[in-house]
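Keeping the supplied structure of chain A fixed, place chains B, C and D upon it in accordance with the hints.
Chains as they are written, first to last, in my numbering: chain A, 3 to 136; chain B, 3 to 136; chain C, 3 to 136; chain D, 3 to 136.
Read the hints as simulated data drawn from the structure, not as lab findings.
Because identical chains cannot be distinguished in the list, a pair is counted as satisfied if it fits within a single copy or across any two copies.
Under the rule of at most 30 Å between Cα atoms (straight-line distance), these lysine-lysine pairs were calculated in the DSBU-like manner:
id, residue 1, residue 2
1, Lys-9, Lys-86
2, Lys-105, Lys-124
3, Lys-124, Lys-9
4, Lys-13, Lys-105
5, Lys-86, Lys-69
6, Lys-45, Lys-86
7, Lys-124, Lys-69
8, Lys-124, Lys-81
9, Lys-81, Lys-9
10, Lys-124, Lys-86
11, Lys-105, Lys-69
As the structure is a prediction and not an experimental result, all values here were calculated from the model.
Protein chains: 4
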Amino acid sequence: MPEAAFKLEFKVRDYELDLQGIVNNSVYQNYLEHARHEFLLSKNIDFAALHEQHIDLVVSRVEINYKAPLQSQDSFVVKINTEKQGNLRIVFHQIIERIPDGKVIIDATIIGVCLQNGRPVKPEDATGVEWENK
Amino acid sequence: MPEAAFKLEFKVRDYELDLQGIVNNSVYQNYLEHARHEFLLSKNIDFAALHEQHIDLVVSRVEINYKAPLQSQDSFVVKINTEKQGNLRIVFHQIIERIPDGKVIIDATIIGVCLQNGRPVKPEDATGVEWENK
Amino acid sequence: MPEAAFKLEFKVRDYELDLQGIVNNSVYQNYLEHARHEFLLSKNIDFAALHEQHIDLVVSRVEINYKAPLQSQDSFVVKINTEKQGNLRIVFHQIIERIPDGKVIIDATIIGVCLQNGRPVKPEDATGVEWENK
Amino acid sequence: MPEAAFKLEFKVRDYELDLQGIVNNSVYQNYLEHARHEFLLSKNIDFAALHEQHIDLVVSRVEINYKAPLQSQDSFVVKINTEKQGNLRIVFHQIIERIPDGKVIIDATIIGVCLQNGRPVKPEDATGVEWENK
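If we strip away everything but chain A, and leave its shape as in the complex, we get (with noise of 0.2 Å):
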């Protein structure tokens, strides 16, 4: 992924190291939350607020890979590429990269899609936005 659309960097906090030292399995999804909602945010698209007008992004399906741990103090960087499939679903690319050495995190790719009133809808007509592949 060379070239990223959105990038965000973190540092790890320790409350998110489990017994082994490292970075919980579980709390990778939070940091890829955290960064597609600011990537989205970057784009208008306010999480929250959509909610409030009863329009729900969500996950349908995720896929990650990991390839190293996070550890204590570690920082890295988020980058996110996406791509539509179909008319219902944006398809989230995803690597967690340490900083500075690039060394490769995670891979994920992450399914979102978008609901009106609990139906499926077009993620252009919901959120206004239209969605290019990169």
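Okay, now just chains B, C and D, sitting in the frame of chain A:
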């Protein structure tokens, strides 16, 4: 998954819900992990004690399909079956079903490996337990 | 706290442990909250349903004394007693005891208030339940 | 708390919100802990490395006053001052203020002790750092 090698029942806790009023995506990994650790304990494999012996059970890949959300007060069961993949990998097939209606909430495939001083070893050698496919 | 108005049993989950191999300090607040919500449900007070009616039960103050840590595989019970403080505050006295030896893990005092459209109201008025001191 | 010995800025992440749409009470302890650990690192005290040497910094008491909630997209600063209490205790005075309006979200008093092989020791002896009151 009609018969499961292991089952564990849970109840949703309100702090696990996010602003959409549903269990946050990452929390399902917590449920899946806890069920796996209890399953391993039932086979006398103790995640925490193994770590003290420099043997670490780690996850190398996660696939989760989110079918329906859990909400406040929902009860549910995590079901597990396993199979070996090659010499080094254990595949955990995990399903979460809501109680009492049996609605499938997620299905997941988790690949685990066993590291001794950081290097992959056969799970049998590290844990002293034979794995059957079920 | 010899007699408790409410008790709830839990088992530690490994993802709740931090790199010290003990339950992270913040997680005890999760245990305390879940026990309070189950206690409230036992009195037909439904935290999530009240939120839909714009009535929010919130915590205004927490005091926790950490006496001993919980570790992997520990079971424990959260005990609750309550008393009113003035017209607006409910005080929850909560203790966590390890099972089976009864060792006190934490004792806590949590002050809760009831907000209707953001303003404090008498808990009786909002929930329809009389509080006795116990 | 006009001058703080240490400050750290954060932004709320949506997975930290609960169904009330506000940061869950327990999450503030995560913020406070991360700020303390970064503060300690700024004094060359490394929580994770000390644990490897059988020296554990632990919390013995927490008092938190919740003044106002944080919501989606809020930025905030955690401010820290410390003082010694007797020979064995460090008191952390911590305040969270919303950015940019400075509204006080919580104020907290956290008491920390230092354990070496499970027994309390003087923080100076274990960490090699003199504590001044500020």
